[in-house]
Amino acid sequence: MKLWQKVFLGTFLLFEVLFNTSSFYLIEHNFNSNLSAVIERGLSEQMIIQSQVRTDWTYLSTLNGQIQLTSNAQDFLENNADKYTRFFNSNEVFLEILDNHDKTVFTSFPGKNDKNRQELNLSESDDRKYIIRDVEGRTYLFISGNLSLGAKAFKLIYIRDISKTYQDKNSQVSLFFKINIVITIILAGGLYLLIWYLTRSIRSLNESARAIAGGGYSQRVPISSSDEIGILAENFNQMAEAVESKVAELEETVKSRQLFINYLTHELKTPLTSIIGYADLLRTAKYNEETFFKALTYIYSEGKRLESLSFKLMDLILIGNKKPEMEYMDIAVICGELEAALKPQLENKQITLLVKAESYTMLLERDLFKLLCSNLLDNAIKASDIGGQIVLRGSVIKDMGYVLDIQDHGVGISSENISRIFEPFFVVDSIQSKANHGFGLGLAICAEIVRLHEGQIDVESKLCEGTTVKIRFFK
Amino acid sequence: MDNILIIEDDKAISDLILWNLELAGYKGQQAYSGKEAQEVLTGFNPQLVLLDISLPDMEGFELMELLMEKALPVIFLTARNSLSDKLKGLKMGADDYIVKPFEALELLARIEVVLRRNTRAPEVTRFENLEINTEERSVRKDGTLVELTMKEYELMLLLIKHRNKALSREKILELVWSYDYLGETRTVDIHIQKIRKKLGWEEQIKTVYKYGYRLEDKA
Numbered sequence: 001m002k003l004w005q006k007v008f009l010g011t012f013l014l015f016e017v018l019f020n021t022s023s024f025y026l027i028e029h030n031f032n033s034n035l036s037a038v039i040e041r042g043l044s045e046q047m048i049i050q051s052q053v054r055t056d057w058t059y060l061s062t063l064n065g066q067i068q069l070t071s072n073a074q075d076f077l078e079n080n081a082d083k084y085t086r087f088f089n090s091n092e093v094f095l096e097i098l099d100n101h102d103k104t105v106f107t108s109f110p111g112k113n114d115k116n117r118q119e120l121n122l123s124e125s126d127d128r129k130y131i132i133r134d135v136e137g138r139t140y141l142f143i144s145g146n147l148s149l150g151a152k153a154f155k156l157i158y159i160r161d162i163s164k165t166y167q168d169k170n171s172q173v174s175l176f177f178k179i180n181i182v183i184t185i186i187l188a189g190g191l192y193l194l195i196w197y198l199t200r201s202i203r204s205l206n207e208s209a210r211a212i213a214g215g216g217y218s219q220r221v222p223i224s225s226s227d228e229i230g231i232l233a234e235n236f237n238q239m240a241e242a243v244e245s246k247v248a249e250l251e252e253t254v255k256s257r258q259l260f261i262n263y264l265t266h267e268l269k270t271p272l273t274s275i276i277g278y279a280d281l282l283r284t285a286k287y288n289e290e291t292f293f294k295a296l297t298y299i300y301s302e303g304k305r306l307e308s309l310s311f312k313l314m315d316l317i318l319i320g321n322k323k324p325e326m327e328y329m330d331i332a333v334i335c336g337e338l339e340a341a342l343k344p345q346l347e348n349k350q351i352t353l354l355v356k357a358e359s360y361t362m363l364l365e366r367d368l369f370k371l372l373c374s375n376l377l378d379n380a381i382k383a384s385d386i387g388g389q390i391v392l393r394g395s396v397i398k399d400m401g402y403v404l405d406i407q408d409h410g411v412g413i414s415s416e417n418i419s420r421i422f423e424p425f426f427v428v429d430s431i432q433s434k435a436n437h438g439f440g441l442g443l444a445i446c447a448e449i450v451r452l453h454e455g456q457i458d459v460e461s462k463l464c465e466g467t468t469v470k471i472r473f474f475k
Numbered sequence: 001m002d003n004i005l006i007i008e009d010d011k012a013i014s015d016l017i018l019w020n021l022e023l024a025g026y027k028g029q030q031a032y033s034g035k036e037a038q039e040v041l042t043g044f045n046p047q048l049v050l051l052d053i054s055l056p057d058m059e060g061f062e063l064m065e066l067l068m069e070k071a072l073p074v075i076f077l078t079a080r081n082s083l084s085d086k087l088k089g090l091k092m093g094a095d096d097y098i099v100k101p102f103e104a105l106e107l108l109a110r111i112e113v114v115l116r117r118n119t120r121a122p123e124v125t126r127f128e129n130l131e132i133n134t135e136e137r138s139v140r141k142d143g144t145l146v147e148l149t150m151k152e153y154e155l156m157l158l159l160i161k162h163r164n165k166a167l168s169r170e171k172i173l174e175l176v177w178s179y180d181y182l183g184e185t186r187t188v189d190i191h192i193q194k195i196r197k198k199l200g201w202e203e204q205i206k207t208v209y210k211y212g213y214r215l216e217d218k219a
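Chains A and B, in that order, give the protein sequences.
1 is the number of the first residue of the first sequence in UniProt numbering; add one for each residue after it.
1 is the number of the first residue of the second sequence in UniProt numbering; add one for each residue after it.
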């Protein structure tokens with residue numbers, strides 16, 4: 001069962017139970033108090049009639065003694081009883097007088113009484129009894145009391161039609177049922193709309209969650225309230241945001257990995273094609289010294305190329321996985337060593353290398369740091385024309401760290417290529433790079449080394465004006 | 001002889017292809033970049049172009065359009081073997097697609113298929129003093145008819161097609177006696193002996209030690 005249905009049913013049933021019980025209790029209570037008021041009234045009216053009869057008889061007896069009227073109590077009652085009811089509504093109140101043998105002396109009651117009249121079993125002289133009984137479809141209150149007139153004993157029975165009290169109760173109940181039906185309909189409709197309205201955020205949350213689970217990571221929940229569900233929706237959106245960016249990141253990683261593999265297979269297949277092809281040629285073709293030598297030369301140089309590729313790859317993988325042993329070293333000293341190592345290459349193209357490095361001691365891995373600088377300088381030399389100049393500048397930035405600049409005035413890199421130069425196997429000039437046995441791994445290795453030293457590497461370049469590589473090491 | 005343009009930026013591979021083509025009796029022309037290929041194409045029309053997809057100055061696909069204009073049959077030559085590249089190449093109208101690393105024999109076989117499809121093969125083929133009429137399935141040596149069995153004839157054609165290259169006994173069995181032939185390599189030796197005798201090729205068919213045979217031309 002859905003939540004809104006549960007809330008709806010729960011509220012609805014609870015209300016119905018409480019409303020019905022309290023209403024019935026009220027009706028019942030009202031009826032009981034009405035009934036007891038009627039009974040009280042009946043009792044006092046019976047008392048009044050009874051005492052009135054007795055007073056009249058006493059008065060009559062006194063007169064009787066003076067003027068010698070021959071009359072007995074039974075005659076008196078038979079002749080005068082109807083006068084006692086004239087103050088009452090003749091349709092509601094009736095009087096019945098019985099003698100001591102329960103023989104009717106007087107009655108104004110239109111109905112027929114049955115035999116079993118418990119109210120007549122009166123014991124003591126001032127005892128009174130009442131009973132409520134249905135006679136001929138109507139409900140009556142019977143109140144009986146002893147009435148002694150002189151030596152004779154009678155019973156005076158006051159009868160009141162109380163059907164109206166019962167009718168009142170019944171009409172209240174039927175009115176209540178009508179009200180209940182109307183209230184139930186209004187309540188059901190109102191509750192349905194209210195709960196449906198209040199749970200709409202949960203439903204949209206649900207839909208979004210399903211959409212996200214199905215791969216629609218850009219799905220968001222419209223936030224329409226500031227209550228708990230609104231906050232949940234907001235948190236949910238934040239979660240979706242995090243998932244989306246994570247997924248995008250993963251896709252990017254997969255893509256660049258695929259690209260890496262594509263380039264790698266290309267770089268592997270090219271020399272392998274030559275090696276296999278020439279070996280096959282040597283195996284099958286007619287012997288010819290020139291062919292033989294040329295083929296072997298190709299096999300050798302392509303083998304060397306594979307070797308250099310495998311070393312570069314190993315570097316890249318090792319740097320990526322290695323936690324290097326760092327030690328405190330002076331950058332200026334290492335830069336000085338570099339100059340000596342690159343001398344043959346520099347002389348070859350008559351390039352001057354200016355090293356202006358300020359002394360600065362920081363935590364670094366000596367060999368990797370040298371590999372980083374020599375890779376960058378190597379690139380600078382390849383980019384430079386004969387007789388060019390390369391500047392290696394190192395400056396301490398107070399409280400910040402150290403910046404290493406390598407600047408050349410060579411061919412430069414176009415702006416669309418700059419963003420890709422750190423990608424493995426990306427080469428700006430593939431003819432040049434093939435001639436130099438380059439694979440486009442050098443800068444990828446540099447980026448890894450800089451990452452390992454928690455630094456930052458940036459390249460600024462303009463075509464035909466030169467390139468500046470800036471490496472920042474933070475303190 | 002058919003002239004083939006090799007557009008391949010890797011010199012080692014380009015030379016390798018050229019060599020194999022020359023050994024098989026084709027003439028080759030090399031171009032190392034898209035630009036160079038365009039320059040070469042203004043001068044002459046090759047019968048077939050072998051085209052590398054990743055060239056230093058452009059994608060082989062770009063050059064493809066120019067080649068299509070000239071209605072030249074093209075075989076792509078590439079290290080990429082993704083299906084999308086293959087489909088792209090073939091949809092653009094390439095005749096075939098060879099993935100590196102390839103074997104020389106496969107390369108030559110595919111070149112032959114494409115050439116045969118694009119040009120009507122002549123009915124008469126000559127090899128030195130032999131005149132082979134493929135329609136009649138007859139072989140004349142210096143004008144006189146030589147009687148060859150079916151397998152001898154096919155073996156002779158195979159050797160001529162792959163002249164100057166050694167063919168292993170297994171390869172010969174596979175190509176002449178079909179793939180599922182379960183015979184012995186001895187069969188090949190017997191047929192080679194017969195051809196040598198019938199065509200006077202005692203000197204020209206060389207035995208390659210522990211491998212197979214090679215037909216050498218006199219040049």
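A hint or two may mislead.
[Claimed, not checked] So the derived list for chain B, only partly shown, Cβ under 7 Å to chain A, looks like this:
#1 12
#2 104
#3 161
[Claimed, not checked] Keeping only pairs whose Cα atoms sit at most 25 Å apart, straight-line, the calculated DMTMM-like set for lysine to aspartate or glutamate is:
#4 269/A to 59/B
#5 382/A to 9/B
#6 286/A to 59/B
[Claimed, not checked] Quick list of simulated restraints, FRET-style, between CB atoms:
#7 68/B to 204/A: 27 to 33 Å
#8 170/B to 415/A: 30 to 36 Å
#9 25/B to 386/A: 43 to 49 Å
#10 386/A to 86/B: 24 to 30 Å
#11 68/B to 293/A: 36 to 42 Å
Simulated from the structure, these hints should not be mistaken for laboratory data.
Idealized CB from N, CA, C, for every residue including glycine.
Verification of the supplied hints:
Using the Cβ-Cβ criterion of 7 Å, the hint placing residue 12/B at the interface with chain A is satisfied: the shortest such distance is roughly 4 Å. A cut of 7 Å between beta carbons decides the hint on residue 104/B: the least distance to chain A is about 6 Å, and the hint holds. Taking 7 Å as the C-beta cut-off, the interface hint given for residue 161/B is violated, the closest approach to chain A being about 14 Å. About 18 Å separates the Cα atoms of residue 269/A and residue 59/B, which keeps this hinted pair within 25 Å; it holds.
In summary, the hint linking residue 382/A to residue 9/B is supported, as the alpha carbons are separated by about 20 Å, within the 25 Å threshold. Using a Cα cut-off of 25 Å, the hinted pair residue 286/A and residue 59/B is violated, with the two alpha carbons roughly 36 Å apart. Look at residue 68/B against residue 204/A: about 55 Å separates their beta carbons, and that is not inside 27 to 33 Å. Taken as a hint, the range 30 to 36 Å is violated for the pair residue 170/B and residue 415/A, whose Cβ atoms sit roughly 57 Å apart.
As the Cβ distance of residue 25/B to residue 386/A is approximately 46 Å, the hint placing it in 43 to 49 Å holds. Take residue 386/A and residue 86/B: their Cβ atoms lie about 44 Å apart, and the range 24 to 30 Å is violated. A beta carbon spacing of about 40 Å between residue 68/B and residue 293/A agrees with the range 36 to 42 Å that was offered as a hint.
The earlier numbered hints that this structure contradicts are 3, 6, 7, 8, 10.
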